[in-house]
Amino acid sequence: MAAPMFRRFSINVKIIGIFCVSQFLMLILIGFVLYISVTQQKQMTEDATVSGHAIAMKSILTNRDAALEKAILSLLNNNKLVEYVLNRDSNARMIIEGVFLSLEQQNNCCRMTIYSKDLEVLIQNRSKDLPLRGSTLPSYLHDLFQGTGKDFSIAYYFRGPEGIEPVFPVEYCGATVITGDDDQPVGFVEVAMSPSTWLNRVSDLTLSQAAVLDVGKQRFLLSTENQMFAAIENAGLKNSAPEKSRISCLGKQYYLSHLMPLQDPSGAMVSQLWLTRENTPEVKQEQRNLILGAVLFIVLSILGLAGTLLIVTLNITRPIQTMVGGLITDADLATTITQQLGESSHALAEREATQQTAIQEMSKVLENISQMSGENSGQADQACAAMVRARAAVNRTSEDISGLSTAMGRIFQASEETSKIIKTIDAIAFQTNLLALNAAVEAARAGEAGAGFAVVAGEVRNLASRSAEAAQQTARLIEDTVHKARDGADLVKKSLQAFSDVMETSSGSAELVSRIAAASAQQAREISQTKDMVLEMGQAISLNAQNAEDTARVVEKLGIQFSQVRTFTHHLLNIISGGRQARIK
Amino acid sequence: MTSTGKKWTGRILAGLLGVICLLCFQGIQAEEVEKGRIPAEHLQKTCKKLPWGILVWDNEEAIEKMNSGTGILWVDTRPVELFSSGTVRDAVCIPYNQTGKDGNELTQKTLLSALTSKNMSKDNTTIAFFCQGPECHRSYNATLAAVAQWGFAPEHVIWFRDGYPNLFSAVKADTKLKRKAKKYLCDNAIKQL
Numbered sequence: 315m316a317a318p319m320f321r322r323f324s325i326n327v328k329i330i331g332i333f334c335v336s337q338f339l340m341l342i343l344i345g346f347v348l349y350i351s352v353t354q355q356k357q358m359t360e361d362a363t364v365s366g367h368a369i370a371m372k373s374i375l376t377n378r379d380a381a382l383e384k385a386i387l388s389l390l391n392n393n394k395l396v397e398y399v400l401n402r403d404s405n406a407r408m409i410i411e412g413v414f415l416s417l418e419q420q421n422n423c424c425r426m427t428i429y430s431k432d433l434e435v436l437i438q439n440r441s442k443d444l445p446l447r448g449s450t451l452p453s454y455l456h457d458l459f460q461g462t463g464k465d466f467s468i469a470y471y472f473r474g475p476e477g478i479e480p481v482f483p484v485e486y487c488g489a490t491v492i493t494g495d496d497d498q499p500v501g502f503v504e505v506a507m508s509p510s511t512w513l514n515r516v517s518d519l520t521l522s523q524a525a526v527l528d529v530g531k532q533r534f535l536l537s538t539e540n541q542m543f544a545a546i547e548n549a550g551l552k553n554s555a556p557e558k559s560r561i562s563c564l565g566k567q568y569y570l571s572h573l574m575p576l577q578d579p580s581g582a583m584v585s586q587l588w589l590t591r592e593n594t595p596e597v598k599q600e601q602r603n604l605i606l607g608a609v610l611f612i613v614l615s616i617l618g619l620a621g622t623l624l625i626v627t628l629n630i631t632r633p634i635q636t637m638v639g640g641l642i643t644d645a646d647l648a649t650t651i652t653q654q655l656g657e658s659s660h661a662l663a664e665r666e667a668t669q670q671t672a673i674q675e676m677s678k679v680l681e682n683i684s685q686m687s688g689e690n691s692g693q694a695d696q697a698c699a700a701m702v703r704a705r706a707a708v709n710r711t712s713e714d715i716s717g718l719s720t721a722m723g724r725i726f727q728a729s730e731e732t733s734k735i736i737k738t739i740d741a742i743a744f745q746t747n748l749l750a751l752n753a754a755v756e757a758a759r760a761g762e763a764g765a766g767f768a769v770v771a772g773e774v775r776n777l778a779s780r781s782a783e784a785a786q787q788t789a790r791l792i793e794d795t796v797h798k799a800r801d802g803a804d805l806v807k808k809s810l811q812a813f814s815d816v817m818e819t820s821s822g823s824a825e826l827v828s829r830i831a832a833a834s835a836q837q838a839r840e841i842s843q844t845k846d847m848v849l850e851m852g853q854a855i856s857l858n859a860q861n862a863e864d865t866a867r868v869v870e871k872l873g874i875q876f877s878q879v880r881t882f883t884h885h886l887l888n889i890i891s892g893g894r895q896a897r898i899k
Numbered sequence: 055m056t057s058t059g060k061k062w063t064g065r066i067l068a069g070l071l072g073v074i075c076l077l078c079f080q081g082i083q084a085e086e087v088e089k090g091r092i093p094a095e096h097l098q099k100t101c102k103k104l105p106w107g108i109l110v111w112d113n114e115e116a117i118e119k120m121n122s123g124t125g126i127l128w129v130d131t132r133p134v135e136l137f138s139s140g141t142v143r144d145a146v147c148i149p150y151n152q153t154g155k156d157g158n159e160l161t162q163k164t165l166l167s168a169l170t171s172k173n174m175s176k177d178n179t180t181i182a183f184f185c186q187g188p189e190c191h192r193s194y195n196a197t198l199a200a201v202a203q204w205g206f207a208p209e210h211v212i213w214f215r216d217g218y219p220n221l222f223s224a225v226k227a228d229t230k231l232k233r234k235a236k237k238y239l240c241d242n243a244i245k246q247l
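Taken in order, these protein sequences are the chains called A and B. According to my numbering, the first sequence is numbered sequentially starting from 315. According to my numbering, the second sequence is numbered sequentially starting from 55.
A portion of the hints provided could be inaccurate.
Said to hold, decoys possible - Now the in silico label distances, taken between C-beta atoms and shown as ranges: (1) A:Ala-380 with B:Pro-133: 37 to 43 Å; (2) A:Gln-577 with B:Arg-143: 39 to 45 Å; (3) A:Ala-368 with B:Leu-97: 45 to 51 Å; (4) B:Arg-143 with A:Ser-404: 22 to 28 Å; (5) B:Pro-133 with A:Gly-581: 22 to 28 Å; (6) A:Leu-433 with B:Lys-245: 26 to 32 Å; (7) A:Thr-353 with B:Thr-229: 27 to 33 Å; (8) A:Glu-360 with B:Lys-245: 27 to 33 Å; (9) A:Ser-510 with B:Pro-133: 24 to 30 Å.
The hints are simulated quantities; they were obtained by calculation from the structure and are not laboratory data. Using N, Cα and C, we set each Cβ at its ideal position, and we do this for glycine too.
Input sequences plus hints: build the corresponding full structure.
Written out as structure tokens, the structure reads:
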């Protein structure tokens with residue numbers, strides 16, 4: 315319930331509230347610290363005063379000790395003392411009492427008591443206004459007295475009223491043992507100092523009025539300023555015993571009293587020493603300081619509050635309001651941009667998906683092309699091989715034709731040799747004819763004996779003419795053959811030239827085909843690489859699409875964040891300006 | 055015989071030489087004392103006797119003698135002003151001026167008259183001289199004068215070396231002595247305790 319209520323206030327109101335609360339807490343803290351410091355200071359002052367009083371009291375008591383010692387020594391150094399204690403001689407008593415009279419006058423002694431060895435009172439002389447103490451020494455002093463018998467010292471102590479009426483003020487006493495010539499105790503002597511003497515000195519040294527209090531009846535027994543202490547007494551002293559100091563208000567006057575306990579040797583408080591002085595100016599000053607401090611604090615608080623508000627408004631609230639307004643506008647703009655960005659990212663993602671499909675198809679096409687290119691390459695290889703084989707066949711044919719040309723040359727050569735043989739045969743036939751003619755001439759002369767020879771010679775002449783004819787025919791045939799063979803050799807030469815042309819052509823074709831094959835293989839590789847690249851492109855496009863989707867999701871989240879920023883900014887505006895103002899805006 | 059004679063002659067000569075030395079020493083000593091310097095050995099606690107066997111008392115011996123008995127004449131050789139501010143109980147004041155130029159009150163005659171006034175005899179009374187302390191020469195010179203010049207027996211003459219102020223301090227410092235101060239100090243002194 316409280317939180318929504320609190321949110322309705324503007325930051326200035328909150329700062330005022332926090333400031334007030336902090337000021338209040340600071341006030342409490344400062345008050346506490348001041349209280350502690352003032353208390354400590356007071357305590358220190360009081361301690362210093364108390365210790366000062368204690369020192370003053372100690373010095374006074376030392377002084378009293380010296381006076382008591384002198385009094386006791388004057389008694390001890392009187393021959394009659396031991397004589398009286400031992401013999402109870404009346405003359406000696408008179409002399410001792412005379413000594414006391416002089417001590418009473420000169421040393422302000424108020425009481426002298428001579429005790430026997432058994433601590434029974436033998437003589438007790440006191441000032442006129444004092445009552446007598448009992449006839450025996452109180453038990454709490456026994457040890458003290460016995461102690462003096464051991465070291466011959468003098469014991470100093472306060473001795474209280476001991477319930478004796480009328481009550482007398484506490485006495486400061488000195489006591490010691492009385493010894494004989496053999497240093498053995500024969501009695502004790504006690505001398506008391508009148509309180510008025512040391513009370514006046516205490517008063518002088520502490521610049522205060524001094525009084526001793528009867529702690530039993532709670533009234534002052536002796537004082538240096540009767541009227542003042544009577545007024546303090548009338549104002550009431552109840553339960554003042556445990557205090558160390560006390561402020562009494564008498565009318566418009568304030569009195570500060572430091573209380574010092576006076577203890578007997580047993581540690582019991584037999585009386586209380588009051589050291590009182592007027593401290594009205596101090597109290598008034600303290601009150602004035604308190605009021606002045608409070609006023610100063612309030613004024614400073616108001617100034618501080620106004621200054622803080624001014625600083626906060628000028629340096630924090632207004633700039634923050636301006637910034638928050640700008641933040642809200644920016645947040646709205648950012649939300650719109652995010653929405654647009656989200657839509658764009660979605661569209662991009664969709665486009666990327668479409669592209670991915672196209673890339674996949676393209677990849678398939680490229681794969682087919684790659685395959686076909688591979689086939690082309692193979693076929694080109696095969697063509698190349700065929701060309702190689704054709705070239706080999708052409709080479710073989712060319713070689714055969716070369717063989718043919720050689721054969722033709724040989725035929726031509728054989729024909730020429732045959733022609734030569736024919737010529738030889740013709741020469742032989744001519745010779746034979748001549749021989750037949752010669753034989754016929756001879757046969758003619760030989761007449762009839764020769765007639766049968768003349769017929770053989772005629773036949774041989776025929777045969778020689780027919781051989782010459784046959785040889786001529788053969789020579790013509792051979793000449794024709796040689797002629798034809800020469801034509802054949804020319805044809806063979808032409809064929810050989812043609813075949814060499816074919817070989818050159820076929821080798822160029824084979825080279826072209828091999829180049830085609832190499833180019834096809836290169837093409838196939840490149841197509842394969844292209845395919846890989848297309849695949850990579852496809853993957854990249856896939857990643858792009860995924861990224862676009864991620865971007866769309868991030869943009870959605872961003873949009874949510876921006877809407878939250880907007881909400882927070884509105885909250886901030888609420889905090890700064892308060893709910894009401896925010897709503898108005 | 056000759057050797058014995060020589061021996062005795064040597065001894066006599068040595069004795070004479072010793073006596074001469076002693077006399078010279080005493081002359082020097084007397085001169086020194088007059089100038090204000092007591093020989094250092096006489097100021098030492100261990101020194102219990104002066105020349106001629108004069109006894110020296112310090113506080114302890116003095117207090118002991120005061121405790122134990124009478125028959126002692128305490129002679130305060132200081133001026134009257136000091137005597138009246140405090141002195142030894144029952145002492146008589148006969149000042150002895152250390153240089154002697156101003157004339158001495160303490161003479162054989164005054165000393166004898168003091169004895170007479172106290173009903174004391176020269177023969178059975180111990181005379182103790184004292185002054186302000188060891189550094190003061192009055193009692194020292196008076197002691198030596200009493201024996202050397204006035205014919206008092208050395209065994210009856212005492213030099214109370216510590217003097218009155220030391221005695222007073224000793225009594226004051228001791229609670230036991232303080233309570234019996236009447237034995238040692240005069241009434242004026244007791245008041246100052």
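Verification of the supplied hints:
no. : hint                                 : in the structure
1   : A:Ala-380 with B:Pro-133: 37 to 43 Å : violated (29 Å)
2   : A:Gln-577 with B:Arg-143: 39 to 45 Å : holds (40 Å)
3   : A:Ala-368 with B:Leu-97: 45 to 51 Å  : holds (46 Å)
4   : B:Arg-143 with A:Ser-404: 22 to 28 Å : holds (27 Å)
5   : B:Pro-133 with A:Gly-581: 22 to 28 Å : violated (53 Å)
6   : A:Leu-433 with B:Lys-245: 26 to 32 Å : holds (29 Å)
7   : A:Thr-353 with B:Thr-229: 27 to 33 Å : violated (47 Å)
8   : A:Glu-360 with B:Lys-245: 27 to 33 Å : violated (42 Å)
9   : A:Ser-510 with B:Pro-133: 24 to 30 Å : violated (42 Å)
Hints 1, 5, 7, 8 and 9 from the earlier list are contradicted by this structure; the remaining hints agree with it.
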